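Novice: Below, each chain spelled out in residue letters.
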Amino acid sequence: MRLLAAELRKLTYQRAMWGLLVAAVGFAALGTASTPVIFDQTSDGLGFGTLEDQGVVDSVYANAISGYIFAILVGVLIVAGEFRHGTAVATYVAAPRRGQVFVAKLVASLIAGVVLMIISTLGGILAGVIALEFYPEAADPSVDIFVNTSIAAVVSGAVLGVLGASIAALLRSQIISLIGVLIWLFAIEPILLLLFPDQGKFFLQGLITAIMALDVESDQFNFDTANFTDPVSATLLLLGYALVFAIASLVVSIRRDVE
Amino acid sequence: MVAIAFRGLTKVYGGVAAVDNFTAEVQPGRVTGFLGPNGAGKSTALRCLVGLSRSTKGRTRILGKRYPQLKNPIHHVGAVLDSRGFHPGLTGYQNLRVLASIGGLPGSRVDEVLAQVELSDARNKRVKGYSLGMKQRLSLAAALLGDPDVLILDEPANGLDPAGIAWLRGFIAEQAHAGKTVLVSSHQLAELQNVVDDVIIINRGKLVASGTLEEITGGQTLEEAFLRLTSGVTS
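Residue numbers (the numbering used here), protein chains in the order written: chain A, 160 to 418; chain B, 25 to 259.
Label pairs and their computed distance ranges (CB to CB):
no.: 1; chain 1: B; residue 1: A202; chain 2: A; residue 2: L341; range: 43 to 53 Å
no.: 2; chain 1: B; residue 1: V36; chain 2: A; residue 2: F355; range: 44 to 54 Å
no.: 3; chain 1: B; residue 1: E142; chain 2: A; residue 2: V262; range: 35 to 45 Å
no.: 4; chain 1: A; residue 1: I406; chain 2: B; residue 2: G113; range: 27 to 37 Å
no.: 5; chain 1: A; residue 1: F355; chain 2: B; residue 2: G39; range: 43 to 53 Å
no.: 6; chain 1: B; residue 1: M25; chain 2: A; residue 2: E348; range: 57 to 67 Å
no.: 7; chain 1: B; residue 1: G32; chain 2: A; residue 2: V391; range: 50 to 60 Å
Rough simulated footprint, nothing fancy, chain B against chain A, three-plus residues with beta-carbon under 8 Å:
no.: 8; segment: 167-179
no.: 9; segment: 244-254
Please keep in mind that the hints were generated in silico from the structure rather than gathered at the bench.
Quick caveat, the model's predicted, so the values are computed rather than measured.
C-beta atoms are modelled at their ideal positions from N, C-alpha and C, and glycine is treated no differently.
Turn these sequences into a full structure, and let the hints guide you.
Specialist: Quick look at the structure:
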């Protein structure tokens, strides 16, 4: 518990972490609030339909979880920052049992990811409520979307926080880890989801979307949530990814010399 | 019981032995100078000692145990191994507070050690604004947090100006007076001569000499003895 308390203390001391939280809230709020505007100003809402459809309104609120990119960045910074600033030496001298130290970092990353996602998702939902006030014709959202989005926020925050920490431990470079996860989430996964939806749906964004059990489709984007995995399988697969990466990074962290 | 023991320590990097079958002991309550030219293997040996690097062969002991076996080591051993080891965006107090919480120490202890190294005025200053000398003092404060019996100081004089070096000499003398075991590596041989009781010299990863200051110097200065024993290899 001391190690975890120390990790959480370190987190709250760092301005960059607060900056990422603010950025996540802003990103989620902007993403959610701008969606009805985009749907309203394009013919047939980019093929998804109009705001009069409940499924489309639900997909507006689903954007409230878009801050998850920042959860993975927090995980990266928690571990890679130790190598970048050389603080790993002081940490491991004070607590030489590396396995325990790294588990504390993984748990801290998980907690930070979940907290960040809960706050940013609430910000996104609030922004969605305000934005949709300007569209009286918009359908009422389903009750399920708020429950499912909340579950997706918690699961994605936990999984991406752990993944970020694990990737940073494996690569040990803050820059390479940050660039790597950004390219993966912003370029590779969207391309896979668009061009190879049957395979792409098993990666992070496809699985997070699946947890929300949306009912939308667009021929224009070759996108149909009916083809996604069911929410329980998606959750289990995401947790499996996190577990595999966590174990691999734990083994490497215990065996490798601290530079 | 010896305070620190290296027994046949060997550490190989990429086929090259940075430390080669190194055996030496540090006696409790004494200040021991750990000397060697650059690249002699001092830092590698110290990193193996505190578990940062895994030895290829041999073993090390502190207070009779492997370092990771020490319960809450911050209370037994204080180590200065890297003055870069602080988060630049955190204040001096915050950096030490994190380490203190690992050892279960209260925030008041952080203020005590900051006062001990004369950094109280810089308590709330971010470390990125510290001079190299201030960072060295902060490293020493970190080493003192748990009021340990053993201090391991790797090049603590690096970056210090003459006033800082004089301060460091007083600091080491103070620790020795308090009965602590100090293992200090440094190139400041003239300064070390004034504070060490014993000397260990390592060169190319191997033990060259060890003994009391008098045994090693044999009437010469420490610098002359060091150059003689390391075959004139200058540091």
